[in-house]
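Build the full structure now, drawing on both the sequences and the hints.
For the protein sequence lines, the chains are A and B, in the order given. Going by this note's numbering, the residue at position 96 of the first sequence is 97; the numbering climbs one at a time, nothing skipped. Going by this note's numbering, the residue at position 62 of the second sequence is 335; the numbering climbs one at a time, nothing skipped.
One or more of the hints may lead you astray.
Restraint-style ranges between C-beta atoms, simulated for each label pair [what the hints assert, rightly or not]:
1. B/Glu278 to A/Ser52: 29 to 35 Å
2. B/Ser325 to A/Asp111: 20 to 26 Å
3. A/His31 to B/Glu276: 30 to 36 Å
4. A/Ala118 to B/Pro367: 17 to 23 Å
5. B/Val299 to A/Glu17: 25 to 31 Å
Here are some chain A residues the structure puts well away from chain B; computed CB gaps all over 10 Å [as the list claims (entries may be wrong)]:
6. Val12
7. Val43
8. Gln90
9. Glu115
10. Gly117
Hints listed in this document are in silico derivations from the structure and should not be mistaken for laboratory results. Here a beta-carbon is modelled for each residue, glycine too, at the ideal position from N, C-alpha and C.
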Amino acid sequence: MGINPELVGRVFPAGESYQVGREKIREFAHATKATSPAHFDVQAAQELGYSDVVAPPTFAIIIAQRADAQLIADPASGIDFSRVVHADQRFTHHRPIVAGDELVAELHVDQVREMGAGAMITTRAEIATVAGDKVATTISSLLVRAED
Amino acid sequence: MIEFESLEKGTAIGSHTVQVNRADLVRYAGASGDFNPIHWNERFAKEVELPSVIAHGMFTMGSVIDLVSQWVGNPGAIIDYQTRFTKPVVVEDPEGSNPSDFEGTSILVEGKVGALDSEKRTARIDLAVTANDSKVLLKCQAVVQL
Chain A
2 MGINPELVGR VFPAGESYQV GREKIREFAH ATKATSPAHF DVQAAQELGY SDVVAPPTFA
62 IIIAQRADAQ LIADPASGID FSRVVHADQR FTHHRPIVAG DELVAELHVD QVREMGAGAM
122 ITTRAEIATV AGDKVATTIS SLLVRAED
Chain B
274 MIEFESLEKG TAIGSHTVQV NRADLVRYAG ASGDFNPIHW NERFAKEVEL PSVIAHGMFT
334 MGSVIDLVSQ WVGNPGAIID YQTRFTKPVV VEDPEGSNPS DFEGTSILVE GKVGALDSEK
394 RTARIDLAVT ANDSKVLLKC QAVVQL
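Okay, here's the thing in structure tokens:
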């Protein structure tokens, strides 16, 4: 129950691109209590060899969760967002995200399995620049808790 | 800068405590776009059988990694980062507390070198993360390119 098993293998093509802004990186770094100057100070980032401020290691969740939202909003998925619990998460960075990047995410449904009375869905967002260069791969597993 | 050759499996990289109150969760909701009410509305959280408002798993994961960013001196050197969310981090709002500066829940993070790959010159840092005396993240591992 809970999640349509026929979703496995589905690919949601990249939607509108995400423009990575310098202030958004600073805002996200502040909200995650990150303190590295490379998140805030352009010069500190440039001294490390980056063109602009560097996103924190979990920043890509913003882009991944936007991609997941397409799936959750799809009536065919059967997912009740209010019963979703984040079970696990992985980020693989092919290169760091920096301010000025314009990114797109293609979402893949890799697995759906029953977990007791609920179900677990694993999705993978392949994040790339609009020019097609790979930037990050994120893998998320969401547990959809059963109704009582 | 950390020298790869100076590291051994088991080497401690340090520890850090992250404080989280409800204002922090509102701030994280805004920054991340994750407005699930279980992270800011106590009535709703209890209606879905949670003990109270809980932190976003991604707040916890996102905040404890700063220990590694600081240690390596370059957050862009973290090429892989994963975790499993085991227990929710409950964030209370006690009677009489000031919501803006209440110290909130303490999340303790301790890191050590879990594995080294001399060919790729990477170190896997294993993070032990606890709050309210429970392990809240499991298999919390960051791979750093040195």
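**Request:** Compare the structure with the hints numbered earlier in the document and write down the numbers of the violated ones, lowest to highest.
**Result:** 2, 4, 8
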